[in-house]
Amino acid sequence: MKKYTFTEKIDTRSGFGAGLYELGKTNPNVVALVADLTGSLKMDAFKKDFPERFFQCGIAEANMMGMAAGMTIGGKIPFAGTFAAFASGRVYDQIRQSIAYSEKNVKIAASHAGITLGEDGATHQILEDIGLMKMLPGMTVLSPCDYNQTKAATIAAAEFEGPVYLRFGRPAVPNFTDANQKFEIGKAQILNEGTDLTIVATGHLVWEAVLACEALEKEGISAEVINIHTIKPLDVQAILTSVKKTGCLISAEEHQKAGGLGESIASFLCENFPIPMEMIAVNDVWGQSGTPSALMEKYGLNASNIVAAAKRILIKKA
Numbered sequence: 001m002k003k004y005t006f007t008e009k010i011d012t013r014s015g016f017g018a019g020l021y022e023l024g025k026t027n028p029n030v031v032a033l034v035a036d037l038t039g040s041l042k043m044d045a046f047k048k049d050f051p052e053r054f055f056q057c058g059i060a061e062a063n064m065m066g067m068a069a070g071m072t073i074g075g076k077i078p079f080a081g082t083f084a085a086f087a088s089g090r091v092y093d094q095i096r097q098s099i100a101y102s103e104k105n106v107k108i109a110a111s112h113a114g115i116t117l118g119e120d121g122a123t124h125q126i127l128e129d130i131g132l133m134k135m136l137p138g139m140t141v142l143s144p145c146d147y148n149q150t151k152a153a154t155i156a157a158a159e160f161e162g163p164v165y166l167r168f169g170r171p172a173v174p175n176f177t178d179a180n181q182k183f184e185i186g187k188a189q190i191l192n193e194g195t196d197l198t199i200v201a202t203g204h205l206v207w208e209a210v211l212a213c214e215a216l217e218k219e220g221i222s223a224e225v226i227n228i229h230t231i232k233p234l235d236v237q238a239i240l241t242s243v244k245k246t247g248c249l250i251s252a253e254e255h256q257k258a259g260g261l262g263e264s265i266a267s268f269l270c271e272n273f274p275i276p277m278e279m280i281a282v283n284d285v286w287g288q289s290g291t292p293s294a295l296m297e298k299y300g301l302n303a304s305n306i307v308a309a310a311k312r313i314l315i316k317k318a
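All residue numbers for the sequence shown refer to the numbering used here, where the first residue is 1 and numbers rise by one.
Be aware that a few hints might be false.
To be verified - Quick list of in silico lysine-lysine cross-link-like pairs, DSS-like style, CA-CA up to 25 angstroms:
(1) Lys298 x Lys257
(2) Lys134 x Lys182
(3) Lys134 x Lys218
Simulated from the structure, these hints should not be mistaken for lab results.
Start from the sequences, fold in the hints, and give me the full structure.
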């Protein structure tokens, strides 16, 4: 398999901050709104150099989404940032009515997503947001895997016309994708070609899928690894091409099984190419307070669990 290495671990929220700052320098229509979390979302540099385009909304997330929707009418490209739990669940009505239904060009910057929010516990560990957002007609849902890809996704979101939900995280994770990559919305990234099974992952689980692929190769199992950084629109052609070759699939995500990436893939495959499939995801339970690594282990969201699923699914395939 192709070998992936990294020289640093860095949080994906810093990738968002870097991408937003780059947009500040290159696109005068980009504005930033935040709900009292400037430092947490790494928006400090944008605030410092473009203060006239930065709006501190305080702990008033619903109001922030309404402001962002209104700004688009004047041709602005607003990035509205807060924790993912607040960027989806707390303001769902405003997103549904004022942004999605109204087809406003708002970019929702959803940080600290998933179980790896860590010690803040279940109330802040949103594991339902992908489902909430992907069900909204016209909403594009992005879930990049590392710093470089999050920076590229942020820039691509600004160039895309229409509402976007951009999901990223809190902990430092391996930064392994190309720093100069071109992020294509709706286009999956093939990280490794294989013949025995397909592993489709998104967000923080992409690196775990790479590690699982390496472990499986040592046992003579050839895994194809696909990075789905765009959950909606889903690159169904890339998935279909892969499973027609491998005959089985594992999905891996930091989200509930219900409503997540795996569910979207299963829905497509059951209608078009039914095959054995397993989902690595949180199974209808709340999160808990703990370190990100301990929680990933507890909820089965790591490379060893992907390897175990691979061995199970190969038996089903046979």
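Practice item. Find the hints from earlier in the document that the structure breaks and name them by number, from lowest to highest. Key: 3
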